[in-house]
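Peer 1: Now for the letters of each chain:
There are 4 protein chains.
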Amino acid sequence: MKGSSYEIRVTYQETDMMGVVYYGNYLRWFEIGRTEYLREKGMSYKEFEDRGILLPVLESHCNYHSPARYDDLVTIKTKISKLKRTKIEFDYEIIRSEDGELIAIGSTVHPFVGSDFKPISLKKKDKEIWNLIEQELVKSN
Amino acid sequence: MKGSSYEIRVTYQETDMMGVVYYGNYLRWFEIGRTEYLREKGMSYKEFEDRGILLPVLESHCNYHSPARYDDLVTIKTKISKLKRTKIEFDYEIIRSEDGELIAIGSTVHPFVGSDFKPISLKKKDKEIWNLIEQELVKSN
Amino acid sequence: MKGSSYEIRVTYQETDMMGVVYYGNYLRWFEIGRTEYLREKGMSYKEFEDRGILLPVLESHCNYHSPARYDDLVTIKTKISKLKRTKIEFDYEIIRSEDGELIAIGSTVHPFVGSDFKPISLKKKDKEIWNLIEQELVKSN
Amino acid sequence: MKGSSYEIRVTYQETDMMGVVYYGNYLRWFEIGRTEYLREKGMSYKEFEDRGILLPVLESHCNYHSPARYDDLVTIKTKISKLKRTKIEFDYEIIRSEDGELIAIGSTVHPFVGSDFKPISLKKKDKEIWNLIEQELVKSN
Numbered sequence: 001m002k003g004s005s006y007e008i009r010v011t012y013q014e015t016d017m018m019g020v021v022y023y024g025n026y027l028r029w030f031e032i033g034r035t036e037y038l039r040e041k042g043m044s045y046k047e048f049e050d051r052g053i054l055l056p057v058l059e060s061h062c063n064y065h066s067p068a069r070y071d072d073l074v075t076i077k078t079k080i081s082k083l084k085r086t087k088i089e090f091d092y093e094i095i096r097s098e099d100g101e102l103i104a105i106g107s108t109v110h111p112f113v114g115s116d117f118k119p120i121s122l123k124k125k126d127k128e129i130w131n132l133i134e135q136e137l138v139k140s141n
Numbered sequence: 001m002k003g004s005s006y007e008i009r010v011t012y013q014e015t016d017m018m019g020v021v022y023y024g025n026y027l028r029w030f031e032i033g034r035t036e037y038l039r040e041k042g043m044s045y046k047e048f049e050d051r052g053i054l055l056p057v058l059e060s061h062c063n064y065h066s067p068a069r070y071d072d073l074v075t076i077k078t079k080i081s082k083l084k085r086t087k088i089e090f091d092y093e094i095i096r097s098e099d100g101e102l103i104a105i106g107s108t109v110h111p112f113v114g115s116d117f118k119p120i121s122l123k124k125k126d127k128e129i130w131n132l133i134e135q136e137l138v139k140s141n
Numbered sequence: 001m002k003g004s005s006y007e008i009r010v011t012y013q014e015t016d017m018m019g020v021v022y023y024g025n026y027l028r029w030f031e032i033g034r035t036e037y038l039r040e041k042g043m044s045y046k047e048f049e050d051r052g053i054l055l056p057v058l059e060s061h062c063n064y065h066s067p068a069r070y071d072d073l074v075t076i077k078t079k080i081s082k083l084k085r086t087k088i089e090f091d092y093e094i095i096r097s098e099d100g101e102l103i104a105i106g107s108t109v110h111p112f113v114g115s116d117f118k119p120i121s122l123k124k125k126d127k128e129i130w131n132l133i134e135q136e137l138v139k140s141n
Numbered sequence: 001m002k003g004s005s006y007e008i009r010v011t012y013q014e015t016d017m018m019g020v021v022y023y024g025n026y027l028r029w030f031e032i033g034r035t036e037y038l039r040e041k042g043m044s045y046k047e048f049e050d051r052g053i054l055l056p057v058l059e060s061h062c063n064y065h066s067p068a069r070y071d072d073l074v075t076i077k078t079k080i081s082k083l084k085r086t087k088i089e090f091d092y093e094i095i096r097s098e099d100g101e102l103i104a105i106g107s108t109v110h111p112f113v114g115s116d117f118k119p120i121s122l123k124k125k126d127k128e129i130w131n132l133i134e135q136e137l138v139k140s141n
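Chains as they are written, first to last, in our numbering: chain A, 1 to 141; chain B, 1 to 141; chain C, 1 to 141; chain D, 1 to 141.
Hints are computed from structural coordinates only; laboratory data are not their basis.
The reader is advised that the hints may include incorrect statements.
Identical chains blur together in the list; that is why a pair holds if it fits in one copy or across any two.
Claimed, not checked - Keeping only pairs whose Cα atoms sit at most 30 Å apart, straight-line, the calculated BS3-like set for lysine-lysine is:
(1) LYS118 / LYS2
(2) LYS125 / LYS41
(3) LYS77 / LYS46
(4) LYS118 / LYS46
Using the sequences plus the hints, can you model the full thing?
Peer 2: What follows is the structure, given as structure tokens:
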């Protein structure tokens, strides 16, 4: 998968009594993935919000392939898979860094909304950010 | 939706700086939903594990319709939507108790595995639990 | 300990690979304890915030006596231990409901601040809430 | 403060509706602090557990000085403050990396226990680890 890569270390807090990472925590990893993806492309999510563009979550999906365990280094791979004027979709892969094993695959869909949580067209609202994202979409697919 | 209902109160910890419940927390609510569903049907998940049957998560999905907010009472509705010898699927609806507004819809898929995490056929491994679940499947659909 | 009692069920998410509840989760239970304490006394924390009074946390402390485990019912006991014009302190006890075993003891200190996060004197800002809390302090000690 | 430093980035998930990091999350940061401290000194906590030495938490304490916010880079400073045959204490400072502002100060106390959760004397159980830690205690105070 093209896109960006970001590595994190699994903490004790993220494990559960099965000895593996609790399934809900992957959604936090996806958040880290898309945040660092955007930062790498020169437009941090914080800057999005400062410019009045919020990306709440409309949909999330995750397929768990192999458990991540305590102290594992895992790589979060992120790319933009779809872009419309009103929403964006990110794809993720979680890989165990040590041996390249696939841990999980997922995706999230986000509408573009303003500070008042009302839907906006990103293309109209902020042409600069729109252009940046559109370029990345082309590059990463 | 048929199935069981369980009510929880949204805590401060579950909110994020958007003022709404963080999207990853819904997966914890789904866990509560299926746990209380099983308990209500007379077979707590803890008992499953004590009998050597574990239900890790293979897949999760969530559609976020309307934000849940701090101190909201929300109802988690849960039912079994699919049952095979080797896996089970739960469906969930999150409803704001006060006004019945739909907050989220989701599902999770779980393989049946033994204490060694190897796949098992529930029907072969534990006929009693299999029969209980099969009955519920019929009733709730 | 006098004060109020509130019962919760330990979820899988709260456990870690040691098979017990992760130590950081007790601070969430303390939040639930003080929220339900205030609600029981007729002044929900949400109402505090609606009236422009916030209670961020200045200090937290917890002594872990015995581990809480998955699916345990635990009782959170809460009382106000100190009250000054500018801050309030809550004490907590976590008890396993089934056998009364002491799980943890803790406390949190909260300054009274306004919506702008600046310190306020609760006695000056809202005499009604002040009187309610003062009464509870007397009763619970 | 001497000891080791480890930097993390604040995620959206860690914030609450006050717009700041939820107070319970600092205990996770302390976990990261002591884990990375131990790793830096050549004895990862995972290795401790593999050698039959567990460090559950007996006590935690945190003073919150200034709020950490979304996307802040924060530095977790960690050192060993006390060492006895049966327990160890870590001190932590959380600093905003950008301006050096003090966010929080805390400490945790951990008994040494074996895989059966029974108290052990670290000095007797594992002289090598004992010596390593004792050296660090001297260096960091």
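Peer 1: Go through the copies and call it for LYS125 and LYS41: within, between, both or neither, with a Cα cutoff of 30 Å.
Peer 2: within (19 Å within a copy, 48 Å between copies)
Peer 1: Regarding LYS118 and LYS2, is the shortest C-alpha distance of 30 Å or less found within a copy, between copies, in both, or in neither?
Peer 2: For LYS118 and LYS2, the Cα distance exceeds 30 Å both inside one copy (32 Å) and across copies (33 Å).
Peer 1: Between LYS77 and LYS46, at a C-alpha cutoff of 30 Å, which is it: within one copy, between copies, both, or neither?
Peer 2: Both: 20 Å inside a chain and 26 Å across chains, each within 30 Å.
Peer 1: Are the CA atoms of LYS118 and LYS46 at most 30 Å apart within a copy, between copies, both, or neither?
Peer 2: both (18 Å within a copy, 25 Å between copies)
Of the numbered hints stated above, the single one contradicted by the structure is hint 1.
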